[in-house]
Amino acid sequence: MLKKYEENNNENKNKDLKTTDENNDDDSLDMILNPHVYALDDTLKSIHSSSSTDEKNQLIDELTVIFTKDDILFNRKIQARFPDILNLLKNPDLYNNSCILISDMVRHKPIIQEIFFLLKIFDFLNFEKYKNTMSLVFSMCYGNKKLTEYYFTEIFKEERDNENELVKILKEQK
384 MLKKYEENNN ENKNKDLKTT DENNDDDSLD MILNPHVYAL DDTLKSIHSS SSTDEKNQLI
444 DELTVIFTKD DILFNRKIQA RFPDILNLLK NPDLYNNSCI LISDMVRHKP IIQEIFFLLK
504 IFDFLNFEKY KNTMSLVFSM CYGNKKLTEY YFTEIFKEER DNENELVKIL KEQK
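So the sequence shown is residues 384 to 557, counted in the numbering used here.
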C-alpha cells in the first residue's frame, strides 16, 4: 500500500513539473509575443510604488514611448489596462502628464476614443488645469462627431471655452 502511494505521489510530482514547465514556456512565449503588455505592467507598478512625483511623471512620459506603436492599442491585454491609465488622472500631481499620455493614445483612433468614453473619461476632467484638459478633450473629440456632440451638450461652457482655438476647430466639424 505504501509503495503504491509513493508511486502515485511520484507520478503526480512529475505531472506537476511538466505543468510548471509548460506554464513557464507559455509565459515566456507570451512575453516574446506581447512585450508591450509586460512593459506597461512594469511601468504601472513602478508608478504606483514610487514615492517621488517627479519619477512618477517621468514614468508616465515613458508610457508615451510604449504607445508610439499604434497597433498595440488594439491589443485586448493592453486595453484591459486602460482603466489603470485613466485612474492616473485622479492624482493632481500626475494629471498634466496623464492628459498628454491619453491625448496621444486616443488621437485619430475612434475605437480607442470610444473605449475611453465608455470608461467615463469626461468625468475625470479638471478644468482648473485648462490647457492639458482641452488638449485631451480635443484628442477625444476630433474626427468623432458623437463625442463632439457629447462635449458640446454636456461639458462645453460658453464663458470658459468659447474663445479656445481647439474648441473653434471642434465647432467647425459639428
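Derived from the structure by calculation, the hints contain no laboratory data.
Hints may be right or wrong, so weigh each one.
Only pairs whose alpha carbons sit at most 27 angstroms apart, straight line, appear in this in silico DSSO-like list of lysine-lysine [as the list claims (entries may be wrong)]:
hint : residue 1 : residue 2
1    : Lys554    : Lys452
2    : Lys528    : Lys492
3    : Lys540    : Lys514
4    : Lys528    : Lys514
5    : Lys503    : Lys452
6    : Lys529    : Lys551
7    : Lys551    : Lys492
8    : Lys528    : Lys551
9    : Lys540    : Lys492
10   : Lys512    : Lys428
11   : Lys512    : Lys529
12   : Lys557    : Lys512
13   : Lys512    : Lys551
14   : Lys460    : Lys554
15   : Lys492    : Lys473
16   : Lys428    : Lys528
17   : Lys512    : Lys473
Pair by pair, the computed Cβ-Cβ distance ranges are [to be verified]:
hint : residue 1 : residue 2 : range
18   : Glu445    : Pro475    : 32 to 42 angstroms
19   : Asp487    : Lys528    : 36 to 46 angstroms
20   : Leu412    : Asn545    : 51 to 61 angstroms
All of these numbers come straight from a predicted model, not from anything done at the bench.
Glycine is no exception: its CB is placed at the ideal position from the N, C-alpha and C atoms.
Now the hints, each set against the structure:
At roughly 30 angstroms between alpha-carbon atoms, Lys554 and Lys452 are farther apart than 27 angstroms, so this suggested pair is violated. A C-alpha spacing of about 13 angstroms is found between Lys528 and Lys492, which places the hinted pair at or below 27 angstroms, so the restraint holds. Restraint check: the Cα-Cα separation between Lys540 and Lys514 comes to about 15 angstroms, which is no more than 27 angstroms; the hinted pair holds. With a CA separation close to 22 angstroms, the supplied pair Lys528 and Lys514 stays within the 27 angstroms bound.
Distance check on the hinted pair: Lys503 and Lys452 sit about 24 angstroms apart at the alpha-carbon level, within 27 angstroms; holds. Between Lys529 and Lys551, the direct Cα distance comes to roughly 17 angstroms. Compliance with the 27 angstroms bound is thereby established for this hinted pair. As the CA atoms of Lys551 and Lys492 are separated by approximately 21 angstroms, the hinted pair is consistent with the 27 angstroms bound. About 14 angstroms separates the Cα atoms of Lys528 and Lys551, which keeps this hinted pair within 27 angstroms; it holds.
Annotation: proposed proximity of Lys540 to Lys492 holds, straight-line Cα distance about 26 angstroms (limit 27 angstroms). Taking the CA atoms of Lys512 and Lys428, the gap is about 26 angstroms. The hint holds against a cut of 27 angstroms. At most 27 angstroms may separate the alpha-carbon atoms for a hinted pair to count; Lys512 and Lys529 meet this at roughly 24 angstroms. About 25 angstroms separates the Cα atoms of Lys557 and Lys512, which keeps this hinted pair within 27 angstroms; it holds.
Under the criterion of a C-alpha separation no larger than 27 angstroms, the hint pairing Lys512 with Lys551 is consistent with the structure, at around 19 angstroms. Annotation: proposed proximity of Lys460 to Lys554 is violated, straight-line Cα distance about 35 angstroms (limit 27 angstroms). Note on Lys492 and Lys473: the hinted pairing holds, with a Cα-Cα distance of about 23 angstroms set against a maximum of 27 angstroms. Restraint check for Lys428 and Lys528: not satisfied, since their Cα atoms lie roughly 36 angstroms apart, outside the 27 angstroms limit.
A C-alpha spacing of about 13 angstroms is found between Lys512 and Lys473, which places the hinted pair at or below 27 angstroms, so the restraint holds. Taken as a hint, the range 32 to 42 angstroms is violated for the pair Glu445 and Pro475, whose Cβ atoms sit roughly 20 angstroms apart. Checked against the hint of 36 to 46 angstroms, the pair Asp487 and Lys528 fails, with Cβ atoms roughly 22 angstroms apart. Against the hinted window of 51 to 61 angstroms, the Cβ-Cβ separation of Leu412 and Asn545 comes to about 54 angstroms, which satisfies the hint.
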